[in-house]
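> Here are the chains, one letter per residue:
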Amino acid sequence: GQSLEQPSEVTAVEGAIVQINCTYQTSGFYGLSWYQQHDGGAPTFLSYNALDGLEETGRFSSFLSRSDSYGYLLLQELQMKDSASYFCAVRSAEAARQLTFGSGTQLTVLP
Amino acid sequence: DAEITQSPRHKITETGRQVTLACHQTWNHNNMFWYRQDLGHGLRLIHYSYGVQDTNKGEVSDGYSVSRSNTEDLPLTLESAASSQTSVYFCASSWDLNTEAFFGQGTRLTVV
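Quick note, the sequences are listed as chains A and B, same order.
Take the first sequence: its position 40, counted from the start at 1, is 386 in the working numbering, and no numbers get skipped.
Take the second sequence: its position 27, counted from the start at 1, is 28 in the working numbering, and no numbers get skipped.
Rather than coming from a laboratory, the hints here were simulated on the basis of the structure.
Take the hints with a grain of salt, since some may be wrong.
To be verified - No more than 20 Å apart at the CA atoms, straight line, and that leaves these computed lysine to aspartate or glutamate pairs for DMTMM-like: (1) Lys-427(A) / Glu-355(A); (2) Lys-427(A) / Glu-360(A); (3) Lys-58(B) / Asp-74(B); (4) Lys-12(B) / Asp-385(A); (5) Lys-58(B) / Glu-80(B); (6) Lys-58(B) / Glu-440(A).
Bear in mind that the values here come from a model prediction, so they are computed numbers and not experimental data.
Please model the entire structure based on the sequences and the hints provided.
Here it is, written out as structure tokens:
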């Protein structure tokens with residue numbers, strides 16, 4: 347069966363850099379996505395990695411290593427508005443190409 | 002602007018009642034999805050559809066059904082609501098499976 351693991355909570359200060367790791371187990375892996383969700387809000391898409399390497403989008407970057415079944419989301423120059431939950435999600439043949447989400451990481455940014 | 006909307010945003014219902022949650026998107030996406038979100042479980046897929054007249058079961062489909070009679074709508078029906086179905090429900094849509102999914106604002110359902 348599939349599994350995804352990510353830390354439940356991360357705390358950092360404004361202006362810092364934080365990395366949220368995600369390890370997964372699945373068969374027929376297609377790609378790894380990251381979503382952000384503020385309290386009471388809808389999940390919003392951040393990134394998608396299908397190939398190994400780093401993808402950069404502004405202050406956010408996402409990394410994937412298919413051989414290690416591992417990825418991370420890197421948030422730079424943290425701002426208070428980055429306080430939210432962050433979910434990794436794998437797309438795999440095992441789940442009929444649908445997204446399977448991790449349990450989420452609650453990021454708290456302190457002033 | 003194109004969007005995805007869910008209704009109602011909040012609902013309280015009694016055990017055993019049939020409940021339908023609405024989802025409407027104006028992007029003309031073929032792919033639509035229903036998820037539930039509970040503390041400690043992230044988002045779990047209930048049902049999904051690749052187009053009109055197509056529906057598929059997800060990870061937690063028991064007790065739920067969907068129908069797709071047009072591109073814009075994918076209503077989710079709880080045939081006989083149970084307390085275990087108290088949750089926040091999110092609808093989503095996408096152009097294809099390798100692009101981002103757009104989520105609605107969610108429906109908070111309480112079954113008493």
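> Decide, hint by hint, whether the structure agrees.
Evaluated hints:
The hinted pair formed by Lys-427(A) and Glu-355(A) meets the criterion: a straight-line CA distance of about 16 Å does not exceed 20 Å. For the given pair, Lys-427(A) sits about 10 Å from Glu-360(A) by alpha-carbon distance, which is consistent with the 20 Å threshold. Under the criterion of a C-alpha separation no larger than 20 Å, the hint pairing Lys-58(B) with Asp-74(B) is consistent with the structure, at around 17 Å. Between Lys-12(B) and Asp-385(A) the CA atoms are separated by roughly 19 Å; this keeps the pair inside 20 Å, and the hint holds.
Restraint check for Lys-58(B) and Glu-80(B): satisfied, since their Cα atoms lie roughly 15 Å apart, inside the 20 Å limit. Simply put, Lys-58(B) and Glu-440(A) have alpha-carbon atoms about 14 Å apart, close enough for the 20 Å limit, and the pair holds.
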